[in-house]
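S.K.: Take a look at the letters that make up each chain.
There are 2 protein chains.
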Amino acid sequence: MSIVVVGTMAFDAIETPFGKTDKIIGGSAIYVAYTATNFVNDVQQVSIVGYDFPKEEMDELKSKGVDLSGVVVVPDKKSFFWSGKYHLDMNTRDTLVTDLNVLADFDPVLPEHFRETEFVMLGNLAPTIQMRVIQQMKNPKLIVLDTMNFWIENTWSDLQQVLTMIDVLLVNDSEARQMTGEFSIVKAARKILKMGPKYLIIKKGEHGALLFHENNVFFAPALPLEDVFDPTGAGDTFAGGFIGHLAKTKDISFENMKTAIIIGSAMASFCVEKFGVQRLKEITKADIDARLEEFVQLVNFDIALV
Amino acid sequence: MSIVVVGTMAFDAIETPFGKTDKIIGGSAIYVAYTATNFVNDVQQVSIVGYDFPKEEMDELKSKGVDLSGVVVVPDKKSFFWSGKYHLDMNTRDTLVTDLNVLADFDPVLPEHFRETEFVMLGNLAPTIQMRVIQQMKNPKLIVLDTMNFWIENTWSDLQQVLTMIDVLLVNDSEARQMTGEFSIVKAARKILKMGPKYLIIKKGEHGALLFHENNVFFAPALPLEDVFDPTGAGDTFAGGFIGHLAKTKDISFENMKTAIIIGSAMASFCVEKFGVQRLKEITKADIDARLEEFVQLVNFDIALV
Numbered sequence: 001m002s003i004v005v006v007g008t009m010a011f012d013a014i015e016t017p018f019g020k021t022d023k024i025i026g027g028s029a030i031y032v033a034y035t036a037t038n039f040v041n042d043v044q045q046v047s048i049v050g051y052d053f054p055k056e057e058m059d060e061l062k063s064k065g066v067d068l069s070g071v072v073v074v075p076d077k078k079s080f081f082w083s084g085k086y087h088l089d090m091n092t093r094d095t096l097v098t099d100l101n102v103l104a105d106f107d108p109v110l111p112e113h114f115r116e117t118e119f120v121m122l123g124n125l126a127p128t129i130q131m132r133v134i135q136q137m138k139n140p141k142l143i144v145l146d147t148m149n150f151w152i153e154n155t156w157s158d159l160q161q162v163l164t165m166i167d168v169l170l171v172n173d174s175e176a177r178q179m180t181g182e183f184s185i186v187k188a189a190r191k192i193l194k195m196g197p198k199y200l201i202i203k204k205g206e207h208g209a210l211l212f213h214e215n216n217v218f219f220a221p222a223l224p225l226e227d228v229f230d231p232t233g234a235g236d237t238f239a240g241g242f243i244g245h246l247a248k249t250k251d252i253s254f255e256n257m258k259t260a261i262i263i264g265s266a267m268a269s270f271c272v273e274k275f276g277v278q279r280l281k282e283i284t285k286a287d288i289d290a291r292l293e294e295f296v297q298l299v300n301f302d303i304a305l306v
Numbered sequence: 001m002s003i004v005v006v007g008t009m010a011f012d013a014i015e016t017p018f019g020k021t022d023k024i025i026g027g028s029a030i031y032v033a034y035t036a037t038n039f040v041n042d043v044q045q046v047s048i049v050g051y052d053f054p055k056e057e058m059d060e061l062k063s064k065g066v067d068l069s070g071v072v073v074v075p076d077k078k079s080f081f082w083s084g085k086y087h088l089d090m091n092t093r094d095t096l097v098t099d100l101n102v103l104a105d106f107d108p109v110l111p112e113h114f115r116e117t118e119f120v121m122l123g124n125l126a127p128t129i130q131m132r133v134i135q136q137m138k139n140p141k142l143i144v145l146d147t148m149n150f151w152i153e154n155t156w157s158d159l160q161q162v163l164t165m166i167d168v169l170l171v172n173d174s175e176a177r178q179m180t181g182e183f184s185i186v187k188a189a190r191k192i193l194k195m196g197p198k199y200l201i202i203k204k205g206e207h208g209a210l211l212f213h214e215n216n217v218f219f220a221p222a223l224p225l226e227d228v229f230d231p232t233g234a235g236d237t238f239a240g241g242f243i244g245h246l247a248k249t250k251d252i253s254f255e256n257m258k259t260a261i262i263i264g265s266a267m268a269s270f271c272v273e274k275f276g277v278q279r280l281k282e283i284t285k286a287d288i289d290a291r292l293e294e295f296v297q298l299v300n301f302d303i304a305l306v
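Order-wise, the sequence lines are chains A and B.
Read in the working numbering, the first sequence has 61 at position 61, and its numbers run on one by one without any break.
Read in the working numbering, the second sequence has 54 at position 54, and its numbers run on one by one without any break.
No lab work stands behind these hints, which were simulated from the structure alone.
Computed from a prediction, not measured in an experiment: that's the story for all the values here.
Where is the CB? At the ideal position from N, CA and C, for every residue including glycine.
Take the hints with a grain of salt, since some may be wrong.
[To be verified] Derived DEER-like restraints, expressed as beta-carbon distance ranges:
| hint | chain 1 | residue 1 | chain 2 | residue 2 | range |
| --- | --- | --- | --- | --- | --- |
| 1 | A | Asp52 | B | Lys198 | 29 to 37 Å |
| 2 | B | Gln278 | A | Asn139 | 51 to 59 Å |
| 3 | B | Leu100 | A | Asn300 | 40 to 48 Å |
| 4 | B | Lys20 | A | Lys285 | 34 to 42 Å |
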């Protein structure tokens, strides 16, 4: 049970209405990896870090079953750094600083033993980089891709090309609207499915997520939380739970993707409870099972009475 | 199977990004009544209209099983009139005109045979009027109350009093925030449940609805629609489906309320497809069953694999 995870390993400095952090560990591949290790025993990480990325974090990832042989360490440059400040609604944020550092030279070359892996999670990166990873995969069964408004605005033709090479696209509602010019999410979904991906997941933050495939649609709620402490990484955590479950079960049917989305939502609900990956490092199998039961209770109803 | 429905019977003039109507039939009690007649055979309507309210509409309501003996017709005044314009997102609107007309004198006196009825739907009206209805009910089993920001702002102490006399409160997310000063919906819900109602439904428009009771929470999604043509009356239609199902089954358990909320959401999804009550007049039992099956498909998942 292996997953190739491609994305950033970075430092974040985060400000929310509830508090503020100095540089803490972040990056899409970090969130995906910590989450996916709850489901599979071999997470094959592809990333790039600078001299300043802490050895203890690398050791902790290894101890959880993350294979770091695809992570390049650049000895004379710093790791990618992002800083942002969330608004009161926690759905929107301002980016304060983006220091690409090592990320400017990221050209992923996958170790030979990664190339046979069937499940591939491509975190939010330039579409050309995502494409180069896909070209190295020998036998992919499911390729999941995340992207963001920056690539939609600035590298649309590259992104269009990579969309024809993947199975599942993850975007949020505003990105779906941006990609299509459609305000209606349902119309936007229909247009995006014509661009290449077989499955489309539209994330709506606290309002849940929708899965589209052909004429089918499935809705997974977000757990109603008293407080969202820090939303950073929630989307990557969702992705880690989603692909983690699919890789564990080796079942990529629409039915199983529904379960995978509920699991992604459950994992994301942990992520936002504390700053950074802190909460993801603490949770146990029992915590996850209890949270999944909450989701069952949240949406389970009996329509037989009608 | 009877329901007392108290609310407005009115004219609306509506503008949405998709079109514009002249004066059409509207009002909370109209939407509730047309919806509830799909579930019960005796809707006992309590309202007030002017000389201008069309006889054909009264006849149509009667033919559907609506008992109009609680509707006062004022011979020398006009019916309540509301006009509004929706913004592009369809979640917000500007009120252009509110002509109270007959509504200014509304002091509901219930016919004797209405007073024994167990299920009571109090549409959005001044809390003092809602209270006067409650005081006339002899044996209520379930009282459902709708309200709005106007009453929260201007008659808060009356509203607080009526909240102690009801079973289910219906509000939208911004009203829940306004009532409590809490941004978190979960925290707001907890505070509102302490104000009196045993059950609380928070409507989030296209993002679905949440049912809170003690420490339980249930989420019903809204059906993802290609177009929302006119949201007017969607909340009242939701209420009509909700109380209609409960009155039909005479079961006010939390479990059955989950089903009732799904049914309310399904009915609301019809309402928004055309202007006014037009769509509600057209739908058949088969349409409703098919729509309910869409809801089952939308949220039904199997977590046994985990």
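S.K.: Check each numbered hint against the structure and report the violated ones by number, ascending.
M.R.: Hint check: 1, 4 fail, others pass.
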